[in-house]
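Protein chains: 2
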Amino acid sequence: MLEDLADIGRDPGTGGYVRDAWSPADMRLREWFADQAARRGLDLREDRNGNLWAWWGDPSRRPGVVTGSHLDSVRQGGAFDGPLGVVSAFAALDLLRSRGFVPGRPLGVACFTDEEGARFGVPCMGSRLLTGVLDPGRALALTDDAGDTLADVLSRAGRKPEELGADPETLGHVGVFVELHIEQGRGLVDLGAPVGVASAIWPHGRWRFDFRGQANHAGTTRLEDRDDPMLAYAAKVLAAREAAVRHGVVATFGKVRVSPNNANAIPGLVTGWLDARGPGEREVRALVAELAEGAEVREESWTPVVDFDLGLRERVARAAGRGLGVEVPALPTGAGHDAGILASAGVPSAMLFVRNPTGISHSPDEHAERSDCEAGVTALAAALEELTR
Amino acid sequence: MLEDLADIGRDPGTGGYVRDAWSPADMRLREWFADQAARRGLDLREDRNGNLWAWWGDPSRRPGVVTGSHLDSVRQGGAFDGPLGVVSAFAALDLLRSRGFVPGRPLGVACFTDEEGARFGVPCMGSRLLTGVLDPGRALALTDDAGDTLADVLSRAGRKPEELGADPETLGHVGVFVELHIEQGRGLVDLGAPVGVASAIWPHGRWRFDFRGQANHAGTTRLEDRDDPMLAYAAKVLAAREAAVRHGVVATFGKVRVSPNNANAIPGLVTGWLDARGPGEREVRALVAELAEGAEVREESWTPVVDFDLGLRERVARAAGRGLGVEVPALPTGAGHDAGILASAGVPSAMLFVRNPTGISHSPDEHAERSDCEAGVTALAAALEELTR
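As you go down the protein sequences, you meet chains B and G in turn.
Going by this note's numbering, the residue at position 165 of the first sequence is 165; the numbering climbs one at a time, nothing skipped.
Going by this note's numbering, the residue at position 155 of the second sequence is 544; the numbering climbs one at a time, nothing skipped.
No lab work stands behind these hints: they were computed from the structure.
A virtual CB, placed ideally from N, CA and C, is assigned to each residue, including glycine.
Warning: the hint list may mix true and false statements.
To be verified - Examples of chain B residues lying across from chain G (beta carbon under 8 Å, computed):
id : residue
1  : ALA200
2  : TRP202
3  : ALA215
4  : ARG222
5  : LEU223
6  : ARG241
7  : THR271
8  : ASP275
9  : LEU331
10 : THR333
Okay, chain B solo, but in the shape it has when bound (with noise of 0.2 Å):
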């Protein structure tokens, strides 16, 4: 199936893919979904955030087990973050209809909107306001790089902007959630297993800084004379690589906004984007405290450390190891998921981690062997039967 979706949203120049919400892109990949529900004979909902649900069964009548990811992309991101996890539901479940298994409680496929945050810049949009934990007015008035809000975006694309925020409902037909994702490590390289389960998600967060200075001609400003941002960013990129070392986590600056830009100009605003994870939310926050000393920075988001349901995390586990007939470990994460969203929201949640063999993500080289996919789909599939007996 992922082959289906390998030419929507490519880069052809790069082979990356650039599938933000609600683009053309996908708009397709959601039609593919609905494609694949229909062909199932599963009930398609789509909820009012957007997410799309496909039903095996009637969840308003029992909470289900739901399994899914989401198909929207990092910027230049590869083929396996978000799409495997859902092609992979589908291909479980075919694979539990193909021995003739009936679940004895629904069973649905998820799909969340705008999990990267790729456009408007909030991961895991769809889930948090599934779950209440962003406010819609201020989703509604977030903007994308040409200006348009996401009410403008989701009136363009037929959705109901009013309606966006905490659907209790929706979130009440899932009894469990499972996400199977690929891995953005090399955790399982290093244990040699096909497969894992995630123990906990790292704290994160991400801090807007500016550096303000005085734009001037590069030109006729002697060096004395200058007031240049770009000195400041630079020196705070080398800051953050040399604390991070120091307290044990990961720091980056991969995003950078200069004005005005040109090269003939010293720039009056450097605006740098600092990503920040680890282990302990304590050296999280004393690596942020220590960089935004002196410096004009803003909190853009937060995410407390999620430790997955250890009583749920070894059953999907146990279940994952006898049909694969391997060992599956645990192992945490730095990356964010909807998963790590809804078990915060007190929804049981697991989730399974595909082998990366390179530990490359986010970005066009991002590969998973295709043995290991099918391990995957073997995996979830055995937990599904464990969890909907």
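Add chain G to chain B, keeping to what the hints say.
Coordinates of chain G only, in the frame set by chain B:
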């Protein structure tokens, strides 16, 4: 007259000007120029490269004295860089006529196209094409941010791209060129003079540095597994400043492009543009060679030193000094100008600078006092009177 132009291409958010060549703002500025020529009974011509000429007298019979500058702007630039020279040219002509002066040879006002290179990246496009130092094929293939080539843009503006290129006939009309410009540093402030003449234009160039790494997830990639090009870029920015101090030149990274430029992704590629200039070519070359060591660098432009004709410069300074009743000092500049391109092509050329109280240019904060602008017009009129006698 500057007030006539105050609203054209102005960004209401910043107060800065965005006047890209051939943009709607530029077309309005060109109409304004034509209107000013018509009001004064001047003969308007647009040459093959889009430069505008307003003639008092027929330069095909005898080469004339030309003054003027440009009307386009860097993005988020000020009101004076360019327009002051064009407005002062018309004002000086008015001043001469009000005194009943009749020139002994043709007198022209010029407006060069795309001096700043804000849209296509090549500064002094109009004068470089006119003099033949820029190949028209290369120019026509240049693209703007929207991906349109100069050829596309010219066609849409109703111009003939196939006619672009060296134009010895038009150039032959220019016996002498005098460009008035706001100073872009604090040289005249330090000397306590309202007006100065240019002694030389520093050698200057632009180099593109590509820093390649491995795009990856900012949360899940261990520090030791990273190949983050933002770190190499940051180190180069700081090295450039340190080396500039040591070599006695100026060096600036004012423009940067990051791919994919996502807050949660380690970049795969960071491209930074180095602008370097100084009194001597040897020092600038030494700086660039030092910074280029081990880096992926491409020279995008290089302009050797321009020493303005000593006899002409002294004649202009003496006439201007007589007109003002104060000394008109000579000083070099780090900024490129159409007058430098014409001088390099063998046209006797000179420049007058008007004091800039802060030295700030290429910024909405660029400013000149009204009394200094009037001194500029007086000085320019005196110079034109001397040169057309």
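Hint check results:
1. Of the supplied interface hints, the one on ALA200/B is violated, with its beta-carbon coming no nearer than about 13 Å to a beta-carbon of chain G, more than 8 Å.
2. With a cut of 8 Å, the hint placing TRP202/B at the interface with chain G holds, because the nearest CB-to-CB distance is about 7 Å.
3. Against a cut-off of 8 Å between C-beta atoms, the interface hint on ALA215/B holds, since the closest Cβ of chain G lies about 4 Å away.
4. The beta carbon of ARG222/B comes within 7 Å of a beta carbon in chain G, closer than 8 Å, and the hint placing it at the interface holds.
5. At a threshold of 8 Å, the smallest CB-CB gap from LEU223/B to chain G is about 6 Å, leaving the interface hint in force.
6. With a least beta-carbon distance of about 6 Å to chain G, the hint placing ARG241/B at the interface is held under the 8 Å criterion.
7. The criterion of a C-beta within 8 Å of any C-beta in chain G is not met by THR271/B, whose closest approach is roughly 11 Å, and the hint is violated.
8. This hint holds: ASP275/B has a C-beta 4 Å from the nearest C-beta of chain G, less than the 8 Å allowed.
9. The criterion of a C-beta within 8 Å of any C-beta in chain G is not met by LEU331/B, whose closest approach is roughly 11 Å, and the hint is violated.
10. Evaluation of the THR333/B hint against chain G yields a held restraint, the C-beta minimum of about 6 Å falling below 8 Å.
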